[in-house]
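Take the sequence shown: its position 56, counted from the start at 1, is 147 in the working numbering, and no numbers get skipped.
Because the hints were derived from the structure by calculation, they are not lab data.
Treat the hints with care, since some could be wrong.
As the list claims (entries may be wrong) - Straight-line C-alpha distance at most 27 Å; calculated DSS-like pairs for lysine-lysine:
no., residue 1, residue 2
1, Lys186, Lys213
2, Lys213, Lys274
3, Lys244, Lys213
4, Lys244, Lys105
5, Lys288, Lys274
6, Lys274, Lys244
7, Lys288, Lys244
8, Lys274, Lys105
9, Lys186, Lys274
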Amino acid sequence: MPAWMSVGRTATRKAETFLWERRLGISTRVPDHRPYDSEHLNYVTVPYRLIFKILERLELRSHDVFVDLGCGRGRVCCCAARSAVSAVLGVEDVKELADSARANLNRMRGARAGLKQVICGKAQECEYTSATVIYMFHPFGPTVMQEVLLRIKQALDRAPRGLRIAYVNPIHESVLDSSGWLKRYDHWGPDCLPERKRTVSFWQATTAMRG
């Protein structure tokens, strides 16, 4: 890609981000202070246009409980909260980021979700009893991913229901593929976010479901 095209796309993305943040009344562009280890990966924002495209593919419905694992400052949560879903829940174990996400959700304009909440805690220790949609941007390593999936599966066993997952930059999607209860139903190549060469995979539970 010619340098001038890359610069043009970056400028366009920044302008779109500024306009959306002004429209929503939030701020998610502040640098993060997340540690980098097996449980934490750098907080990276996703362009608004791709977020809304992902949410459209997830086909959010009024009964859905949307959960963002590693929600950072809450950009995706705020976008999801514009839909009339039952609840939007962010999970973030870095307090500074969780506090920022909570503040953004509380002050955002145009929210239609029934409940908006941010939990400061580890994803592998959360309860997923009511979750029907899960979003994550490569939030942790394979060991933690396995632990999180086990928690989700246990919640589905206790309360069977439909579940969809959107996994952005799916470095460890082999963990999902080998789970035995998840099936990939869509995959977007790097053209969906060409400036970062990210991909997105979509998964659904194959266990007994209702609703």
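Cross-check of the supplied hints:
The straight-line distance between the Cα atoms of lysine 186 and lysine 213 is roughly 11 Å, inside the 27 Å bound, and the hint therefore holds. Restraint check: the Cα-Cα separation between lysine 213 and lysine 274 comes to about 25 Å, which is no more than 27 Å; the hinted pair holds. With a C-alpha separation of about 17 Å, the suggested pairing of lysine 244 with lysine 213 holds against the 27 Å cut-off. The suggested pairing of lysine 244 with lysine 105 is violated, with an alpha-carbon distance near 38 Å, which exceeds 27 Å.
Only pairs whose Cα atoms come within 27 Å are accepted, and lysine 288 paired with lysine 274 is accepted, the gap being roughly 23 Å. Taken as a hint, the lysine 274 and lysine 244 pair is honoured in the structure, with Cα atoms around 13 Å apart against an allowance of 27 Å. Simply put, lysine 288 and lysine 244 have alpha-carbon atoms about 31 Å apart, too far for the 27 Å limit, and the pair is violated. Simply put, lysine 274 and lysine 105 have alpha-carbon atoms about 35 Å apart, too far for the 27 Å limit, and the pair is violated.
Taking the CA atoms of lysine 186 and lysine 274, the gap is near 33 Å; set against the 27 Å cutoff, the hint is violated.
Of the numbered hints listed earlier, those contradicted by the structure are 4, 7, 8, 9.
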